[in-house]
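Given only the sequences and the hints, what does the whole structure look like? Please build it.
Protein chains: 2
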Amino acid sequence: MNRRTFVTSALSGGFTLHPLLNLPAAQAPKKLRNKGLTKADLPTPALLVDLDLFEANLKIMAEHCRNAGCGFRPHAKTHKCPDIARRQIAAGALGICVATVPEAEAMVGSGIPGVLLTSPIVDKPKIARMVELARKGRSVMLALGHPLQAELLAAECDRRSVNVDVLIDIDVGDRRTGALPGEPALELARQIGKCRRLRVRGVQSYAGFASHVSGFAAREKASRGALAKAVETRQRLAKAGFDTSIHSGGSTGTYNIDSGTLTELQVGSFVFMDANYRVIGGKNGHPVYSDFHPSLTVLTTVVNATHPDLVSVDAGIKGFATDAPQLPEAKSWEGLSYRRFGDEFGALSAAPGAKLPKIGDRLEFIVPHCDPTVNLYEKIYATRGEKVEEVWRIAARRETA
Amino acid sequence: MNRRTFVTSALSGGFTLHPLLNLPAAQAPKKLRNKGLTKADLPTPALLVDLDLFEANLKIMAEHCRNAGCGFRPHAKTHKCPDIARRQIAAGALGICVATVPEAEAMVGSGIPGVLLTSPIVDKPKIARMVELARKGRSVMLALGHPLQAELLAAECDRRSVNVDVLIDIDVGDRRTGALPGEPALELARQIGKCRRLRVRGVQSYAGFASHVSGFAAREKASRGALAKAVETRQRLAKAGFDTSIHSGGSTGTYNIDSGTLTELQVGSFVFMDANYRVIGGKNGHPVYSDFHPSLTVLTTVVNATHPDLVSVDAGIKGFATDAPQLPEAKSWEGLSYRRFGDEFGALSAAPGAKLPKIGDRLEFIVPHCDPTVNLYEKIYATRGEKVEEVWRIAARRETA
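Order-wise, the sequence lines are chains A and B.
The first sequence begins at 201 in the numbering used here and counts up one residue at a time.
The second sequence begins at 201 in the numbering used here and counts up one residue at a time.
For the record, the hints were derived by calculation from the structure and aren't laboratory data.
Computed from a predicted model, the values in this text were never measured in an experiment.
Honestly, I wouldn't trust all of these hints.
Pairs involving identical chains hold if they fit within one copy or between any two copies, as the list cannot separate such chains.
[What the hints assert, rightly or not] Taking lysine-lysine pairs in the DSBU-like style, the calculated list, with each CA pair at most 30 Å apart, reads: (1) 531 - 239; (2) 324 - 587; (3) 483 - 336; (4) 558 - 239; (5) 239 - 324; (6) 531 - 324.
The structure is reproduced here in structure tokens:
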């Protein structure tokens, strides 16, 4: 399918072409103002964001950071969407974190400043692509956690005569990326210090294991324990004469724990929220973590109703990520349970006394886990009430490594 | 990212542009002969198909069907890839099954004949898109399982003066789509028979619940039980005067059970295979189902090696579908276990005596479940040994509903 077919058929259902979109995508305006387009017009399954809730989430995080005297550099691994990154920058974000080189390229290509690659890369072509972004004068930064990364990056920076800022990535317990706190991190910094094209700007520490701990007190303990190791290493780096202006880390689950310590939060999920985050519990002791609103849903259609006790909707394993234990939660419809029904289908059953939807009915579901669910779609329909205000491209999906 | 950036940066890593691909995608040759491109050049994670194994799988299925006197219409929900569909047609397939309208559009748009939409659609725009394909003179067929579907399709066919062939979808136990066997299916056929633009060509029955039953004898029992209901209904339809030339159904797990009964197999996974299918056991009583070869892998890179007991590779929840209980299995590397390590990472540990890979090493993994894993990627690198022979676009990914 070419891009024209893609845009027109996806948005219009190939039925009545939307006047603004009856164009090759390259000629279409960047902000697709969809006059008159409503949720009822969308082909399903469709990924929707509720703009009122999304904007409220952004405001809550921005205000929290302002009050806490902490910056935020939201993580684009959640949305992979320059339209969202632009809104985050406009709300006061210092920049944008990315997890992959294609995410970095998409963000930089859309004019997003302050792009930080938080994940390690160790092959020359990917490193060259990051250096190329810096060479073009864009503000990009890399987190380094292993001597090989530093060696490859320094060599490419020398070869191209490009300066690049880096953070020392400290492994505070995830065991996934980064140098160990203390001497190993210092040793890495010393190695980097010898590379004339690289400049240490501070540290990164991410405690993924703390972000989803249930109960605020337990989460606080886990996050503070992890942070302490990074703080101590940062102090040692400062003593050794390194620039340690930046301490980047944290998550949506620990934003109000970490903001007193970090200089910037790498929060991702807060813009969308999901069922997986809602169960971790709030600061007030409430079982639902409700600091942010679930703004992201998948719109589905009931496509089969042969049986009295269940109906089929058209979003299954390919429509909702399946990594989290939670299942999709019907929005605005009481007493429905969703279960997976294969790649393209979900089965809905109703609790006693609750009503099953009919064939042709449309239902929205809060997603189990936002990041990998967004990764299944090509675009997000930004809605206000029933109206589709904009269509945002998920420009940096995983596949282009 | 535009398509040019996509193709060039994805294939060259933005490092050394491949001469054939330093072009806008629209001008690039359809078969991208990648002279000299090898697996080592690919950005990871990358989806690979081993052409020797893939071609062997296709040959095994084609020969089985020829010997059994049964047709096959492979399911494109597995690959969403016209390049693969073309090879299936060349191997003797009657046509191609699809699960979504975008899949139908991508296949028809690539000149694939005999496209059968196996899933129900109940909204007017999607039905109009299918009728539009038929209006252009392409051979498309729809499976109908509910009166509403038939009503909407008939109305659109009347409006556009287009004739469309349909199958009666019979629910033989999945409870997911289709009319119940016997009288409900007959009633649906009678309704369709009254629509002058629709023509019943036979039945569809899919027993998803039988496809992954462990052990050949148990699987045979499950599939035969389900098939019997469809066979009986097909006979009643024939008696009532309907054309019942086609009985379409079956799966990779039951191909050699169903081929004596069905007129055509809707087999999907056999071209790739996956860990999820390999555990169901073979006809010979062997615990591994080895009728087909695992041709599909994800190529990853070790990007962290801070700890002596584990390393991180760059494919996680966004690189391998997580719906199946199986985990990715390292190919050509003994004694490694993979566990999920977040969206972008997997953790590898080694059994006693086995060796862990080093940072920068590249490893291939057999995927847990092929269909939803393919759905995570944009393209498949078709390889022979270390050489990348072609790059196939996964043209009909789920997102464009």
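Hints versus structure:
In this assembly of identical chains, residue 531 and residue 239 lie within 30 Å of each other by CA distance solely inside one copy; the values are 14 Å within and 45 Å between copies. Taking CA atoms no more than 30 Å apart as the test, residue 324 paired with residue 587 passes between copies only; the shortest distance there is 19 Å, against 46 Å inside one copy. For the identical chains of this complex, residue 483 and residue 336 are neighbours neither inside a copy (44 Å) nor across copies (60 Å), given an alpha-carbon limit of 30 Å. For a Cα distance limit of 30 Å, the shortest separation of residue 558 from residue 239 inside one copy, 18 Å, qualifies, whereas the shortest one across copies, 50 Å, does not.
In this assembly of identical chains, residue 239 and residue 324 lie within 30 Å of each other by CA distance solely across copies; the values are 14 Å between and 45 Å within a copy. Taking the shortest Cα distances, residue 531 and residue 324 sit within 30 Å of each other only across copies (24 Å), while inside one copy they are farther apart (46 Å).
Against the hints set out earlier in the document, a violation occurs for number 3 only.
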